[in-house]
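> Can you build the whole structure from these sequences, using the hints too?
Chains as they are written, first to last, in numbering that gives the first Met the number 0: chain G, 0 to 298; chain L, 0 to 279; chain B, 0 to 247.
In short, the hints are calculated from the structure, not lab data. Please note: incorrect hints may appear among the correct ones.
[Stated by the list, open to error] Straight-line distance between alpha carbons at most 20 Å, and here's what the computed EDC-like set of lysine to aspartate or glutamate pairs gives: (1) B:Lys-221 / L:Glu-263; (2) B:Lys-179 / L:Glu-263; (3) B:Lys-213 / L:Asp-182; (4) L:Lys-260 / B:Glu-36; (5) B:Lys-221 / B:Asp-204; (6) B:Lys-234 / L:Glu-263; (7) B:Lys-221 / L:Glu-267; (8) L:Lys-260 / B:Asp-204; (9) B:Lys-93 / G:Glu-188.
[To be verified] Here chain G is said to cover these stretches of chain B; the calculated rule only asks that three of the stretch's residues, wherever they fall, bring their Cβ under 8 Å from a Cβ of chain G: (10) 64 to 72; (11) 78 to 88; (12) 131 to 139.
What you are looking at is a predicted structure, and each value in this text was computed from that prediction instead of being measured. We put the CB at the ideal spot given by N, CA and C, even for glycine.
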Amino acid sequence: MQLQAWLLDDSPASRGQAAAGRAYRVSLDLMRNPLALVGMLIILLLILTAALAPWIAPETPVGQDLTRRLVPPSSEHWMGTDQLGRDIFSRVIYGARVTLLIVALVAVISAPLGLLIGAVSGYFGGWTDRILMGMTDVFLSMPKLVLALAFAAALGPGIENAIIAIAITTWPAYARIARAEALTIRNTEFVAATRLLGASHTRIITRQVLPLCTSSMIIRVTLDMAGIILTAAGLGFLGLGAQPPLPEWGAMISSGRSFIFDQWWVATMPGFAIIVVSLGFCFLGDGLRDVLDPKSEGK
Amino acid sequence: MALLSVEDLRVSFPSPQGRVNVVDGISFELGQERLGIVGESGSGKSMTGRALLRLIRPPGRVEGRMRFEGQDLAALSERQMRALRGARISMIMQDPRYSLNPVMTVGTQIAEALRVHEHLPRREVRARVRQMLDSVRITDPDRVAGLYAHELSGGMGQRVMIAMMLIPRPRLLIADEPTSALDVSVQADVLRLIDDLVRDRSTADGGMALILISHDLPLVARYCDRILVMNAGRIVESCAASDLHLASHPYTRGLLAAVPKMNETRAELPVMDRSAWAGT
Amino acid sequence: MTAISLGNVDIGYGGQRVVEAVTFDVARGESFALVGESGSGKSTVLKALVGLAPEWSGKMSVLGRSCVHRPDRDLARRCQMVFQDPYGSLHPRKTVDAVLSEPLTIHGIGGQDARVERALSDVGLDRRFRFRYPHQMSGGQRQRVAIARALMLEPEVMLLDEPTSALDVSVQAEILNLLKRLRAERGLTYLMVTHNLPVVSFLCDRMAVMNKGKIVEIAATKALHDGRFTDPYSKALYAASGGGGSTE
Chain G
0 MQLQAWLLDD SPASRGQAAA GRAYRVSLDL MRNPLALVGM LIILLLILTA ALAPWIAPET
60 PVGQDLTRRL VPPSSEHWMG TDQLGRDIFS RVIYGARVTL LIVALVAVIS APLGLLIGAV
120 SGYFGGWTDR ILMGMTDVFL SMPKLVLALA FAAALGPGIE NAIIAIAITT WPAYARIARA
180 EALTIRNTEF VAATRLLGAS HTRIITRQVL PLCTSSMIIR VTLDMAGIIL TAAGLGFLGL
240 GAQPPLPEWG AMISSGRSFI FDQWWVATMP GFAIIVVSLG FCFLGDGLRD VLDPKSEGK
Chain L
0 MALLSVEDLR VSFPSPQGRV NVVDGISFEL GQERLGIVGE SGSGKSMTGR ALLRLIRPPG
60 RVEGRMRFEG QDLAALSERQ MRALRGARIS MIMQDPRYSL NPVMTVGTQI AEALRVHEHL
120 PRREVRARVR QMLDSVRITD PDRVAGLYAH ELSGGMGQRV MIAMMLIPRP RLLIADEPTS
180 ALDVSVQADV LRLIDDLVRD RSTADGGMAL ILISHDLPLV ARYCDRILVM NAGRIVESCA
240 ASDLHLASHP YTRGLLAAVP KMNETRAELP VMDRSAWAGT
Chain B
0 MTAISLGNVD IGYGGQRVVE AVTFDVARGE SFALVGESGS GKSTVLKALV GLAPEWSGKM
60 SVLGRSCVHR PDRDLARRCQ MVFQDPYGSL HPRKTVDAVL SEPLTIHGIG GQDARVERAL
120 SDVGLDRRFR FRYPHQMSGG QRQRVAIARA LMLEPEVMLL DEPTSALDVS VQAEILNLLK
180 RLRAERGLTY LMVTHNLPVV SFLCDRMAVM NKGKIVEIAA TKALHDGRFT DPYSKALYAA
240 SGGGGSTE
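Okay, structure coming up:
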């Protein structure tokens with residue numbers, strides 16, 4: 000109770016308290032949104048699963064046992080086994096690590112890149128804008144999966160290259176969003192006032208423009224996570240992403256493809272995992288949009 | 000009988016701290032007159048105007064009794080209300096640039112306003128539009144009728160708005176800050192125009208009443224017969240415009256004193272003690 | 000000594016000339032007003048002075064140093080501006096503390112804590128406002144913060160762009176009193192842009208009336224007491240603003 004009063008104080012006494020108060024309010028709003036809560040739970044579950052995989056999974060994800068090939072789901076093998084006799088449940092659990100790795104790395108590479116390019120482009124305008132946006136348009140005009148495919152093919156198959164390929168294809172969309180925001184922000188009076196204080200362009204971009212672009216960026220990235228997972232799965236499915244025996248969900252579906260009619264569980268179980276996690280990110284993204292949207296704030 | 004009577008009107012909106020009354024139980028009557036409602040931002044003056052036309056959308060809630068020409072406004076169906084809006088009660092909003100349709104010419108829009116409420120032959124509609132533009136002192140009505148909203152200056156836009164609102168000959172005109180988006184020289188023109196139109200009508204057909212909503216106390220005093228001063232959702236003062244200098248409520252007196260004068264000699268302007276009214 | 004001097008200044012905006020041959024001087028410690036209606040180019044003059052409207056020609060100087068065609072770090076220490084819209088001139092995601100510390104950080108000035116506290120008390124804001132966000136404050140409080148920000152670098156010249164026109168009358172009175180007090184305490188020079196003649200009467204010593212990009216008349220504020228303007232446009236503006244006795 001005391002902590003809550005401290006957090007919700009209308010007149011915070013320190014920078015820390017002000018920041019904590021804002022974070023607390025955002026999380027309170029997020030909690031009130033049931034879908035966002037479901038999304039958060041799913042993603043929390045994904046993170047926990049990835050972290051605790053060795054303790055949750057009953058078997059190793061790569062242990063082959065050809066004597067129990069393609070066993071249907073049972074109390075012993077909850078999701079059955081695949082064509083090499085590996086426990087699918089264990090592979091799905093370990094697959095969470097791969098998925099989380101892909102999602103996190105793509106976000107870390109492409110979001111800041113897109114944000115920076117977009118913000119610089121929108122803030123300066125003119126020739127800077129034309130050149131940077133021209134580049135962005137070139138990337139945007141190519142189908143995502145095909146471009147990722149080309150990169151993955153050029154760099155060679157493998158999970159790292161798949162991540163790089165996906166990151167290269169996702170930043171242009173973020174650059175576009177950041178540019179649109181920066182275009183409106185650069186004409187505001189607070190930017191004019193900061194320029195008059197003698198602030199450099201770098202300072203204005205990093206301290207004034209970027210913080211306002213980030214919330215729409217966070218929303219967009221969260222919503223895109225589902226797409227990223229699907230692209231990664233697609234690359235895995237086509238054999239250009241994670242290589243066997245790495246338990247990547249897309250690659251697992253791909254290998255189950257040949258038995259889809261008789262042994263449905265091999266492809267379906269990792270498919271389920273993809274759907275659930277994608278949904279989780281979508282729900283969270285929608286919830287974040289309601290909470291973080293600067294237009295709805297302070298009303 | 001009064002043209003409009005309002006009894007214990009409340010408008011509330013939900014907030015994290017529960018429902019807040021933006022208009023907090025106000026009552027007044029309006030006859031064949033010009034009534035000014037004055038207040039600062041957050042006083043509830045605009046919400047009062049909107050409540051009269053039932054323009055408050057959920058989650059906003061309106062309670063209380065509003066009778067217009069003996070009809071209970073709250074009891075009317077949405078369809079009846081639509082027929083009433085424009086035809087018998089009209090409203091002029093603050094900024095004409097946002098109230099006019101950007102893809103329709105001015106003439107078409109005014110004609111539209113008329114056609115919704117009356118069925119007239121096309122030629123007569125044209126004539127009425129021309130006559131209306133003429134009466135809002137637009138010198139070249141035929142040219143202006145062919146223009147789009149963005150081609151009009153602020154003052155011209157507001158005149159077109161007034162023409163549009165008055166063409167169905169309403170009994171009550173609500174003007175919500177009709178001039179605060181305009182330059183001073185144009186402001187006076189527009190207000191004088193509204194004033195003349197209200198006065199002319201009172202002798203001609205049935206008459207027209209005016210509710211002028213504004214934050215500008217001297218301005219309202221100049222163009223109205225009676226003034227209501229609102230603060231924090233309540234009416235704190237009600238007096239004849241000519242008796243404004245006799246106003247008794249400290250809030251009204253504070254407002255009057257806080258305005259700088261043209262021949263200002265005070266070293267410091269008196270400031271209200273905000274905590275006393277607990278306003279927003 | 001002159002604080003601000005403009006000699007035959009033309010200002011363009013997007014290729015169009017919006018201000019023509021403007022000439023005036025503001026003495027040190029004087030409070031000078033540019034009055035006119037929208038589109039008269041009065042705000043553009045302020046923007047050109049600080050480099051936000053870079054398309055200008057002619058001679059402009061602040062405190063004896065010529066102005067350049069972009070915002071200037073040196074000028075920042077001597078000349079600051081307060082904007083019209085208190086809702087637009089503060090960053091929505093920054094606390095008052097961050098807004099007020101920023102100019103100090105930019106210019107490498109130490110002792111931030113004490114300076115921010117003093118600035119708040121100078122503009123009449125309680126210290127509990129220090130870590131609030133703009134959306135937790137009213138329009139008048141925000142305008143006080145904007146004034147405090149402008150004062151952080153202790154400038155001698157303040158440019159005021161309609162500083163009270165977005166505020167309620169009772170709040171306007173508070174801000175006008177504040178501006179008057181600050182000027183007296185610090186010997187500031189004001190160049191204010193406004194359309195409100197009574198505000199000029201309260202706060203300024205001299206005024207220039209602008210119409211369609213040109214100065215039509217420069218007069219002492221006393222002219223507002225008796226309406227002794229020579230130019231027909233100034234007379235009309237004076238009458239439309241309620242001058243000449245029609246009010247009250």
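> Of the numbered hints stated earlier in the document, which are not met by this structure?
none
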